[in-house]
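Model the placement of chain B on the given structure of chain A, informed by the hints.
First to last, the protein sequences are chains A and B. If you read the first sequence in our numbering, its first letter stands for residue 2, the second for the next number, and so on. If you read the second sequence in our numbering, its first letter stands for residue 2, the second for the next number, and so on.
Since the hints were derived computationally from the structure, they do not count as laboratory data. Take every hint as true, because none was put in to throw you off.
For chains that are exact copies, the list does not tell them apart, and a pair is met inside one copy or across any two.
Straight-line distance between alpha carbons at most 30 Å, and here's what the computed BS3-like set of lysine-lysine pairs gives:
(1) 195 / 174
(2) 154 / 109
(3) 32 / 109
(4) 227 / 116
(5) 171 / 154
(6) 14 / 195
(7) 109 / 33
(8) 195 / 154
(9) 14 / 249
(10) 154 / 174
(11) 46 / 32
(12) 14 / 46
(13) 109 / 46
(14) 28 / 116
(15) 195 / 249
(16) 171 / 219
2 protein chains.
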Amino acid sequence: MSFIGKLDAAADKNQSRLCIGLDIDLKRFPKKILDSSDPIFSFNKEIIDQTIDLVCAYKPNIAFYEAYGIYGLQALIRTTEYINQTGIPVILDAKRGDVGHTAAAYAKAIFEIYKADATTVNPYMGHDSVEPFINYHTKGIFVLCLTSNIGFKDFQAADGREPLYLSVAKHVKEWNHFGNCGVVVGATSSTELKAIRAIVGDMPILIPGVGAQGGDLKGSVQHGGKRGIINASRSIIFAPDPRAEAKKLRDEINRFSKIN
Amino acid sequence: MSFIGKLDAAADKNQSRLCIGLDIDLKRFPKKILDSSDPIFSFNKEIIDQTIDLVCAYKPNIAFYEAYGIYGLQALIRTTEYINQTGIPVILDAKRGDVGHTAAAYAKAIFEIYKADATTVNPYMGHDSVEPFINYHTKGIFVLCLTSNIGFKDFQAADGREPLYLSVAKHVKEWNHFGNCGVVVGATSSTELKAIRAIVGDMPILIPGVGAQGGDLKGSVQHGGKRGIINASRSIIFAPDPRAEAKKLRDEINRFSKIN
Chain A
2 MSFIGKLDAA ADKNQSRLCI GLDIDLKRFP KKILDSSDPI FSFNKEIIDQ TIDLVCAYKP
62 NIAFYEAYGI YGLQALIRTT EYINQTGIPV ILDAKRGDVG HTAAAYAKAI FEIYKADATT
122 VNPYMGHDSV EPFINYHTKG IFVLCLTSNI GFKDFQAADG REPLYLSVAK HVKEWNHFGN
182 CGVVVGATSS TELKAIRAIV GDMPILIPGV GAQGGDLKGS VQHGGKRGII NASRSIIFAP
242 DPRAEAKKLR DEINRFSKIN
Chain B
2 MSFIGKLDAA ADKNQSRLCI GLDIDLKRFP KKILDSSDPI FSFNKEIIDQ TIDLVCAYKP
62 NIAFYEAYGI YGLQALIRTT EYINQTGIPV ILDAKRGDVG HTAAAYAKAI FEIYKADATT
122 VNPYMGHDSV EPFINYHTKG IFVLCLTSNI GFKDFQAADG REPLYLSVAK HVKEWNHFGN
182 CGVVVGATSS TELKAIRAIV GDMPILIPGV GAQGGDLKGS VQHGGKRGII NASRSIIFAP
242 DPRAEAKKLR DEINRFSKIN
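Isolated chain A (complex conformation) (with noise of 0.2 Å):
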């Protein structure tokens, strides 16, 4: 199935807009789980064995991974594994942009080796370093828009011309030939994200920036629409009780909405 298929239904079974983030820190493992024979995946299975009927989709972002070498990279393929049974949708945060041979080579590797239904994009390096990703048409290919940090306003949403973070959308809007594209915009602007919304349509766009971050998450529901996908990380796998904080969420998020 395609990833907005995948996506729409796991929203509608689970009558969630909530994306958990599986940012993995093994300094913040409980013991028990360190002491296993396979900590990472251990980590992420009881994660998602406690919340796989509260979330839209999981995305683990590959820098924690990759951080922790061969195995790392090992647990992680095993984790997408282990979600691509369940009918939730993976979407692997990698955020790659290469000239286009290159780019062909790191869809295939998140494609076809970390087995993700979606990703992340970064833009800087225009049309051809995204297009090797939007060629697999029933993947989700979510181009970086306007983010989270503080850094975004180094060129993002720099004073003096149209922000980039606009111009990025519009082209976006371009691309989707194939109905599969998506942008990233975070949680910390919902007057920005009301009007990229306006621009890109009924694309899904992925909101990180909630939770540990402390973005507006009422801003973010209400502008973010049906397929606004909220994604909470260290708040919630780093809770005392993470289904308790993953229901938590959803509940306040579909409050925020219209769905409930």
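Frame of chain A, contents of chain B only:
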């Protein structure tokens, strides 16, 4: 030794501004190599052994290794460890970029797992996404500025405002507190290279796009200056005689420059 120290020493010793891109592709490997037990490392080792006195750096692009899964990344690590013994610096072309704590995980992977002396980063997310790399003071950080692919015009050089690539060059100049920054400028744009060189002073400039991509070698050498690192990948490593091809390009670069 720091990246910049290794780079200058190798350039001086080998009288070379040539960097060879180790962009592997099993489909183009000789049968003898394919039949070996570790084809990726064997291929790279042969290229390195043949060209070690002709280059100032080697530049594997991690995408091509990721595309071969866990084995590809294991072979990448063996390759960088092999190059590390020679004194020639390794630039791991990875173009990463993410929020601060995620960028820190990427930096750890690149410098501590993959053992690179330098890397390329994407500036789209601004200063805090680049800072964790820069904080490795002895490592080299090449920030993408103006690239040689066709998509450069989508954002980097869009009309109607100061070109983004000039803004990036100015920001990198400000970020260079530890003297370990550089920029990436494609060989297709020598007028722009001249303008960027004027901004960034004596920073290293990594210049891909000669060779298979057909960039302007003479302009790249002249405007790139002493620390203009000319990269060629497929045109050398898949040549019938890689050493002859590397020597030819090294000597051509030197003819165009004032070194010889």
